[in-house]
Structures are given as C-alpha cells and as structure tokens.
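Novice: Sequence:
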Amino acid sequence: MGENTPTPHIGAKYGEIAETVIMAGDPLRAKLMAERYLENPVQFNNVRGMLGFTGTHNGKRVSVMGHGMGIPSIGIYTYELFNFYGVKTIIRVGSCGARQMHVHVGDIVIAMGACTDSHYADQYELPGTYAPIASFDLVRGAVDACEKFGYTYHVGNVFAADIFYNQHSKRANWTKMGVLADEMESPALYMNAAVTGNKALCICTVSDHILTGEVTTAEERQTTFTKMMDVAFSLI
106 MGENTPTPHI GAKYGEIAET VIMAGDPLRA KLMAERYLEN PVQFNNVRGM
156 LGFTGTHNGK RVSVMGHGMG IPSIGIYTYE LFNFYGVKTI IRVGSCGARQ
206 MHVHVGDIVI AMGACTDSHY ADQYELPGTY APIASFDLVR GAVDACEKFG
256 YTYHVGNVFA ADIFYNQHSK RANWTKMGVL ADEMESPALY MNAAVTGNKA
306 LCICTVSDHI LTGEVTTAEE RQTTFTKMMD VAFSLI
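Position one of the sequence shown corresponds to residue 106 (my numbering), numbered consecutively onward.
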C-alpha cells in the first residue's frame, strides 16, 4: 500500500488522503465542501482539475474530492483510493433525477441498492447478476441524520447507466420496478467497495424530475445542495 502513489489520476502521496472520503461528481462541489465543512483544508489533488482536499471535521480527519461523471470515471478514482491510498469509506454526494411521483425536487435519496445496465461487473466473471448495495451501517446512519435534521428522504433503489442521452430507452420499466431515481455512478462505487472489503454509500439530492420535467439550474446544483452534505458529514 502506498508504493503506487501518486497514481496516474491522483497527485497525492500516500498518507495525504484520509481513510474516509466524501466525493462529488463536480470538483467545484468538492471545493465547496472543503470551504464549508473542513477545518484547515489542504489541497492534495488538481490532476485533470479533479480537486481534492484533506482537513478535519469536528476533530476527525476526512478528505473531499471530485470523481467526475459516469461509472467509468468514478470507477477509476474509487479504485485508486481503495487500492492505493488505504481509503476505507467513500460517501458520494450527488444529484439525481426522480422517477417516482412521491419523490420531489430537493428531496434526498439514499441509494440502498444500485441497478444498472452497465457492464462494469463483467470484469468479475460472476456466474449471474450481481446486486450492488450500500453499506448498511452507513444507510442507517444517513436515515438517522435525515430524521434528526428534519430532511425529507427516500431509501431504495437507484438506476445508473453509462448513457445520458439514450436514443432507444426502455428506462420506464425501471419506474415500474419502484426505482426511485436515476444517477450515473453508484454501481461502480459499490462494486469497488465490495471487492476490496470497504464501505460505500451514495446520497443524492433530486435535481430534476423525469416524469414532470421539473429542473434545477447548474448553479443551484453546485451551491445549494447542502442538505445531503450535512448528512454525509454527520457520518464521519
């Protein structure tokens, strides 16, 4: 552990990243978390503009970092964090699109399970279909935090695909199966955690509604989705 650092995608040396990392797709959201939640943050990464910082929160060491968009991108960053930097827990905070009428813009979705049509799991050569799930203690902690803060939340399945602009989509079928929302990263995060024996959770804020067409702006997504961050940092 540590002999392969810095990695091709992370410029930090071993020991500069905490065992718990809170990640966001947008590196500017990681910067916002560093400024809002960390005491004495120190930047450890700017490779490809994927900002990363380490500091303390309520006296406990924690890092924040961007992971980019999509399963391939988060797959690379979380693989390197788990396998080369000794990271034990990764919590993703991100945006998602609701696909149930009882889930509203601004609500929090705690991804207990992660459905996907991605072929990320093919690398493990499993004789069946793998069901990527979050770490239960993190799910329970996130639920407790939402209850404490009074935040509206939903727990269940999300769906993630490699394709954002899908030309021939049958994704309505996922709605029929009770999937709460779409995002684009959780399956790879959960699989990378599982295969390395580590912990992971994805907490999302609903940024748009697939059924109603309601949307938020990019600026709102970057700067105002702080409730999910409150929940994530409560788990440190």
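No lab work stands behind these hints, which were simulated from the structure alone. Where is the CB? At the ideal position from N, CA and C, for every residue including glycine. Warning: the hint list may mix true and false statements.
List of simulated lysine-lysine pairs, DSSO-like, C-alpha gap at most 30 Å [stated by the list, open to error]:
hint: 1; residue 1: 165; residue 2: 253
hint: 2; residue 1: 136; residue 2: 118
hint: 3; residue 1: 118; residue 2: 165
hint: 4; residue 1: 253; residue 2: 193
hint: 5; residue 1: 193; residue 2: 165
hint: 6; residue 1: 253; residue 2: 136
hint: 7; residue 1: 136; residue 2: 165
hint: 8; residue 1: 193; residue 2: 118
hint: 9; residue 1: 193; residue 2: 281
Label pairs and their computed distance ranges (CB to CB) [to be verified]:
hint: 10; residue 1: 302; residue 2: 161; range: 19 to 29 Å
hint: 11; residue 1: 282; residue 2: 148; range: 13 to 23 Å
hint: 12; residue 1: 206; residue 2: 152; range: 16 to 26 Å
Novice: Straight-line Cα separation of residue 193 and residue 165 no greater than 30 Å?
Specialist: holds (14 Å)
Novice: Measure nothing beyond the straight line between the CA atoms of residue 136 and residue 165; if it is 30 Å or shorter, mark the hint as holding.
Specialist: With a Cα-Cα distance of about 18 Å, the restraint between residue 136 and residue 165 holds, given a limit of 30 Å.
Novice: Check the following: the C-beta atoms of residue 302 and residue 161 are separated by a distance inside 19 to 29 Å.
Specialist: holds (26 Å)
Novice: Between the alpha carbons of residue 165 and residue 253, is the straight-line distance 30 Å or under?
Specialist: holds (21 Å)
Novice: Taking the CB of residue 282 and the CB of residue 148, does the distance hold inside 13 to 23 Å?
Specialist: The hinted range 13 to 23 Å is violated for residue 282 and residue 148, with Cβ atoms some 42 Å apart.
Novice: Does the structure keep residue 193 and residue 281 at a Cα separation of 30 Å or less?
Specialist: violated (35 Å)
Novice: Are residue 253 and residue 193 close enough, with their CA atoms no more than 30 Å apart?
Specialist: holds (26 Å)
Novice: Does residue 253 pair with residue 136 here, judged by a C-alpha cut-off of 30 Å?
Specialist: Since the Cα atoms of residue 253 and residue 136 sit roughly 26 Å apart, the hinted pair holds (cutoff 30 Å).
Novice: Given the hinted pair residue 193 and residue 118, is their alpha-carbon gap at most 30 Å?
Specialist: holds (17 Å)
Novice: Quick one, are residue 118 and residue 165 close enough, alpha carbons at most 30 Å?
Specialist: Roughly 20 Å separates the two Cα atoms, so the pair holds.
Novice: Between the alpha carbons of residue 136 and residue 118, is the straight-line distance 30 Å or under?
Specialist: OK: residue 136 and residue 118 at ~20 Å, within 30 Å.
Novice: When you take the CB atoms of residue 206 and residue 152, is the distance between them in 16 to 26 Å?
Specialist: Hint violated: Cβ distance 42 Å, outside 16 to 26 Å.
Consistency note: the structure conflicts with the earlier hints numbered 9, 11, 12.
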